[in-house]
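Protein chains in written order, with my numbering: chain F, 1 to 253; chain B, 1 to 253; chain C, 1 to 253; chain V, 1 to 253.
Since the hints were made in silico from the structure, they are not lab data. It cannot be assumed that every hint is accurate.
Claimed, not checked - Derived BS3-like pairs: lysine-lysine, alpha-carbon spacing no greater than 27 Å straight-line:
1. B/Lys118 with F/Lys95
2. V/Lys30 with B/Lys193
3. B/Lys30 with V/Lys193
4. C/Lys118 with V/Lys118
5. B/Lys118 with V/Lys30
6. C/Lys95 with V/Lys118
7. V/Lys30 with F/Lys160
8. V/Lys218 with C/Lys160
9. C/Lys160 with V/Lys229
10. V/Lys193 with C/Lys95
11. B/Lys214 with F/Lys218
12. C/Lys95 with V/Lys30
13. V/Lys214 with V/Lys229
14. F/Lys229 with B/Lys30
15. B/Lys30 with C/Lys30
16. B/Lys193 with F/Lys160
17. V/Lys118 with C/Lys229
18. F/Lys160 with B/Lys218
19. F/Lys95 with B/Lys218
20. V/Lys214 with B/Lys214
21. V/Lys218 with B/Lys214
22. B/Lys193 with F/Lys118
23. V/Lys30 with C/Lys193
24. F/Lys214 with C/Lys193
25. B/Lys95 with F/Lys118
26. F/Lys160 with F/Lys193
27. B/Lys193 with B/Lys160
28. F/Lys95 with B/Lys193
29. B/Lys95 with C/Lys30
Said to hold, decoys possible - Reference listing, derived: stretches of chain F covered by chain B, where coverage requires no fewer than 3 residues with Cβ under 8 Å from a Cβ of chain B:
30. 30-40
31. 64-75
32. 93-105
33. 129-136
34. 238-247
Unchecked claim - Short derived list, chain F residues pointing at chain V, Cβ under 7 Å:
35. Leu11
36. Gln13
37. Gly16
38. Ala24
39. Val27
40. His55
Even for Gly, the Cβ is constructed at its ideal location relative to N, Cα and C.
4 protein chains.
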Amino acid sequence: MEFLDDMDVSLVQSMGNDASVIAAAKVSTKGVESLAELDQQATPGLIRYLMTNRHGTPFEHASMTFYMHMPIFVFREFHRHRIGWSYNEESARYKQLEPVFYLPSANRPGMMQIEGGKPGQYQYEDADPALALHIREAIHDHSIEAYQYYQVLMDRGVAKEVARMVLPVNIYSSQYATCNPRSLMAFLSLRTKRPEWSYHEEDLRDNVECGRAKTPSKPQWEINRVADKMEAIFAKFMPLTYQAFCDAGRVAP
Amino acid sequence: MEFLDDMDVSLVQSMGNDASVIAAAKVSTKGVESLAELDQQATPGLIRYLMTNRHGTPFEHASMTFYMHMPIFVFREFHRHRIGWSYNEESARYKQLEPVFYLPSANRPGMMQIEGGKPGQYQYEDADPALALHIREAIHDHSIEAYQYYQVLMDRGVAKEVARMVLPVNIYSSQYATCNPRSLMAFLSLRTKRPEWSYHEEDLRDNVECGRAKTPSKPQWEINRVADKMEAIFAKFMPLTYQAFCDAGRVAP
Amino acid sequence: MEFLDDMDVSLVQSMGNDASVIAAAKVSTKGVESLAELDQQATPGLIRYLMTNRHGTPFEHASMTFYMHMPIFVFREFHRHRIGWSYNEESARYKQLEPVFYLPSANRPGMMQIEGGKPGQYQYEDADPALALHIREAIHDHSIEAYQYYQVLMDRGVAKEVARMVLPVNIYSSQYATCNPRSLMAFLSLRTKRPEWSYHEEDLRDNVECGRAKTPSKPQWEINRVADKMEAIFAKFMPLTYQAFCDAGRVAP
Amino acid sequence: MEFLDDMDVSLVQSMGNDASVIAAAKVSTKGVESLAELDQQATPGLIRYLMTNRHGTPFEHASMTFYMHMPIFVFREFHRHRIGWSYNEESARYKQLEPVFYLPSANRPGMMQIEGGKPGQYQYEDADPALALHIREAIHDHSIEAYQYYQVLMDRGVAKEVARMVLPVNIYSSQYATCNPRSLMAFLSLRTKRPEWSYHEEDLRDNVECGRAKTPSKPQWEINRVADKMEAIFAKFMPLTYQAFCDAGRVAP
């Protein structure tokens, strides 16, 4: 049995770069001459213009394949992203799932939910250490028991697809996910939590880390964690596109 | 605690009918005159031609919204269908899930998996009564224990989104799913198991119930069950389209 | 020969209403009880919340099929909308196109383009009456000549798909287009021109006609005209959703 | 003025190869170990199995960007492919189109259409030399006249987006188009004409050039020409996937 309190994301392959955005955009005004852009160093001006004015299609001519290892409850949220996303995931029908479970760390933020409030406006707070310990024990022990049930059923020859019914949603699975910069930014805008954009210029001056969202979102901490890792990879892969996304208030074009 | 051995599907709303297919197809040759088709009784000829020759777009101008109640492991398979599908599902972040679990009936087919074989070519067999009883007990007992863990965590004020980590994938959830006839037929062709299409005419003569597939699929029994219920609704909603789908070997256009 | 200076749009069929949005959204917090919403009068609160916070999926459980008659150059822009849109169009391979051409009216706004400026920031001005007359004559005469070439080729037995190569992009074609409220709002936000959103409350007070856009767009007048007609139909079909779209600065959820 | 009788297609960038398909497929049975496949020489067995059984998603984890130069009437057909396709095209609103027109060569197949027959079952025949000459003259002369109208309007300061209304659909435009192997195969199956698949094995023995289609299609010659060029590029890019597509009767998975 293995217990993890984090998710893994790595970049498997990619196509294109900031210059792909510029070439695709310039075909509208330059036709064949736009091909020359692919051999040049990209500059931020046009990318920023496209992002701010929500000209989205030039951001579709690049591609990234990620490999990710994360619990099923994160998969459940992830697979709701349909457009510009391709998935292949580990199958509990064809493979015995490994005994690897998600166990939130004691300082995972917002473990507790304050009574009352509308959905979407819930208030959360951290668990005090004793309670955090208790929560972790419960999840830990239950994971072990669940996997024992699973193991017993498998040993009896029960079909994998039936035996897996006892597995809880904190068990890990893995997948390849392929997307383009536009579909990735749409994902990031929904699955990362950032402070709200301010229309007072002085507030924005300290916005050093791509930190403010025009439409703030309230993702669960775990998928936010996955998104943060994808975002860090994206920032290196297409730095000008990424910076423009940040400066535009994290609105996908 | 409630245990169910079946899934619920109902049609919530719909748009169009077989005549919508014909009108959409005839716009290509008749322009505005195609509108008249909407007021006429549809006939099978053109629909059959479109289906056989895989002219898919005319089958996109109708719509169905289904409400469905089914276990999470079925949702996991369902949400892999991205194109022409819209989903809204119960949220375990915003709602305490009800203690309703899937417990396969003792005669659920293929409960056991025979050793060996490649994935996708597994052999299954039914469980003998004693073993079926045992399997059901395991799933039953585990469901109760899992829900107790869930309840205890909820009682302590743990956030719903954290407490739900102990829930197994046989707990029920519900959703609205909206699709069009084309995306529905693509779903049905992959999520129903039917005997293989035969190129001997005499074999096909007994094909009374839309029974043969040119590309047979091997869905899990539970999602097949959901698909069968959707198929029955679809057969009533657009009988000519449905019959053409059957006659074409269950290949989505 | 027929010359038109406008485009036709009509609603052929539809499914759902504002209550469909609410039911779909409430399944997340109420499960099966959300079905009751379908029988109730919708209220604006939740719809407004979903729109402002860009919860898009509940706006996908309704459907509209439009019939539209418009010139090919408008089709060219229209068909760039891929997601949540289904099309069937008149075919110049299978049907002799009717001699119906678009001839911009003399007071079609922005007939002239002022020298200089970057693409996307062009300045336009109206044509003076003499020039407008000249422009119209040129388009009128050219349309007649083009159709004569077409006719001659057709009379000689040239294949329709070859003969049509001489037809200009101002000839009319027609189509069925099916979409959902979300994909329609995405279309409207890009294909209608509205004054820029203001963050001064007093400016917004006179915003009586859904008039301000957070991300202003610069569509060509003709597709804007089509979009306006679709918007008027949508406003009647789902008044609360439409109002929320307007109030949110015409940002599609 | 330039007259061309062919279309240009080139590969601008790509991601992945046959091994990407295998890795993506094997994640279902091997989880993290599937990553090792990316460093190995791909073998045909699994790819063939996936293709034949229509497991489509593993074919989505690669990407190709094409640059293409072709007449507008081909664009009109091309842009009907919505899913798994991204486009950026030259804009006649922002750029004066070049005077480059498509002029079918005298031996372009099927220039003439035989009277009668249903749409989709038309019979075509080649034009005799004298008539071919006449057809070419008509298209040639009309193209010149149309561009003169265009030029005069542009010279008067008419907006590009208005002046272009006189341009015929045989004028060239250019675009970037990005797709994945699955969406490309769906395109190829519809936009290439191949002899019908035979269920007699002896007929298939001579199937040396990926020549038979289980669902034959009847594309226009010009888009078929574009598709053939894309197919040749694809055959080199992913030879095992391509061979499996051919062997499976050109049915996209």
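Evaluation of the provided hints:
1. A distance of roughly 11 Å separates the Cα atoms of lysine 118 of chain B and lysine 95 of chain F; the hinted pair therefore holds under the 27 Å criterion.
2. About 25 Å separates the Cα atoms of lysine 30 of chain V and lysine 193 of chain B, which keeps this hinted pair within 27 Å; it holds.
3. Taken as a hint, the lysine 30 of chain B and lysine 193 of chain V pair is honoured in the structure, with Cα atoms around 25 Å apart against an allowance of 27 Å.
4. Restraint check for lysine 118 of chain C and lysine 118 of chain V: the C-alpha separation of about 49 Å exceeds 27 Å, so the hint is violated.
5. The hinted pair formed by lysine 118 of chain B and lysine 30 of chain V meets the criterion: a straight-line CA distance of about 13 Å does not exceed 27 Å.
6. For the hint pairing lysine 95 of chain C with lysine 118 of chain V, the CA-to-CA distance comes to about 11 Å; that is within 27 Å, so the pair holds.
7. As the CA atoms of lysine 30 of chain V and lysine 160 of chain F are separated by approximately 14 Å, the hinted pair is consistent with the 27 Å bound.
8. Restraint check for lysine 218 of chain V and lysine 160 of chain C: the C-alpha separation of about 14 Å stays at or below 27 Å, so the hint holds.
9. About 25 Å separates the Cα atoms of lysine 160 of chain C and lysine 229 of chain V, which keeps this hinted pair within 27 Å; it holds.
10. Under the criterion of a C-alpha separation no larger than 27 Å, the hint pairing lysine 193 of chain V with lysine 95 of chain C is consistent with the structure, at around 21 Å.
11. Distance check on the hinted pair: lysine 214 of chain B and lysine 218 of chain F sit about 46 Å apart at the alpha-carbon level, beyond 27 Å; violated.
12. Taking the CA atoms of lysine 95 of chain C and lysine 30 of chain V, the gap is about 53 Å. The hint is violated against a cut of 27 Å.
13. For the proposed pair lysine 214 of chain V and lysine 229 of chain V, the alpha carbon gap of about 21 Å is at most 27 Å, so the pair holds.
14. Proximity of lysine 229 of chain F to lysine 30 of chain B is assessed by CA-CA distance (about 54 Å); at most 27 Å being required, the pair is judged violated.
15. Under the criterion of a C-alpha separation no larger than 27 Å, the hint pairing lysine 30 of chain B with lysine 30 of chain C is inconsistent with the structure, at around 47 Å.
16. This hinted pair checks out: lysine 193 of chain B and lysine 160 of chain F have alpha carbons roughly 18 Å apart, not beyond 27 Å.
17. Taking the CA atoms of lysine 118 of chain V and lysine 229 of chain C, the gap is near 35 Å; set against the 27 Å cutoff, the hint is violated.
18. About 14 Å separates the Cα atoms of lysine 160 of chain F and lysine 218 of chain B, which keeps this hinted pair within 27 Å; it holds.
19. Between the alpha carbons of lysine 95 of chain F and lysine 218 of chain B the distance comes to roughly 16 Å, so the proposed pair stays at or under 27 Å and holds.
20. Our distance criterion of 27 Å between C-alpha atoms is met by lysine 214 of chain V and lysine 214 of chain B, whose separation comes to about 11 Å.
21. With a C-alpha separation of about 22 Å, the suggested pair lysine 218 of chain V and lysine 214 of chain B falls inside the 27 Å cut-off, and the hint holds.
22. With a C-alpha separation of about 43 Å, the suggested pairing of lysine 193 of chain B with lysine 118 of chain F is violated against the 27 Å cut-off.
23. A threshold of 27 Å between alpha carbons decides the hint, and for lysine 30 of chain V with lysine 193 of chain C the separation of about 52 Å lies outside it, so the pair is violated.
24. Distance hint between lysine 214 of chain F and lysine 193 of chain C is fulfilled; the C-alpha atoms sit about 22 Å from each other, no more than 27 Å.
25. Between lysine 95 of chain B and lysine 118 of chain F, the direct Cα distance comes to roughly 11 Å. Compliance with the 27 Å bound is thereby established for this hinted pair.
26. In summary, the hint linking lysine 160 of chain F to lysine 193 of chain F is not supported, as the alpha carbons are separated by about 37 Å, beyond the 27 Å threshold.
27. Distance hint between lysine 193 of chain B and lysine 160 of chain B is unfulfilled; the C-alpha atoms sit about 37 Å from each other, more than 27 Å.
28. With a C-alpha separation of about 21 Å, the suggested pair lysine 95 of chain F and lysine 193 of chain B falls inside the 27 Å cut-off, and the hint holds.
29. About 7 Å separates the Cα atoms of lysine 95 of chain B and lysine 30 of chain C, which keeps this hinted pair within 27 Å; it holds.
30. For the segment 30-40 of chain F, the proposed coverage by chain B is not satisfied: 0 residues have a C-beta within less than 8 Å of a C-beta in that chain, short of the threshold of three.
31. Beta-carbon proximity to chain B at under 8 Å applies to 4 residues in the segment 64-75 of chain F; the threshold of 3 is reached and the given coverage holds.
32. Chain B is given as covering the segment 93-105 of chain F, and this holds because 5 residues of the stretch bring a CB closer than 8 Å to a CB of that chain, at least three being needed.
33. Check result for the segment 129-136 of chain F against chain B: holds, 3 residues qualifying (beta carbon to beta carbon below 8 Å, three or more required).
34. Check result for the segment 238-247 of chain F against chain B: violated, 0 residues qualifying (beta carbon to beta carbon below 8 Å, three or more required).
35. Interface restraint check: leucine 11 of chain F against chain V, minimum CB-CB distance 11 Å, threshold 7 Å, status violated.
36. With 7 Å as the threshold, the beta carbon of glutamine 13 of chain F comes within range of chain V, its nearest partner Cβ sitting at about 5 Å, so the hint holds.
37. This hint holds: glycine 16 of chain F has a C-beta 6 Å from the nearest C-beta of chain V, less than the 7 Å allowed.
38. For alanine 24 of chain F, the interface hint holds, since its Cβ comes within 7 Å of a Cβ in chain V; the closest pair sits about 4 Å apart.
39. Interface hint status for valine 27 of chain F: upheld, as the beta-carbon distance to the closest one in chain V is roughly 5 Å, under 7 Å.
40. Evaluation of the histidine 55 of chain F hint against chain V yields a violated restraint, the C-beta minimum of about 9 Å exceeding 7 Å.
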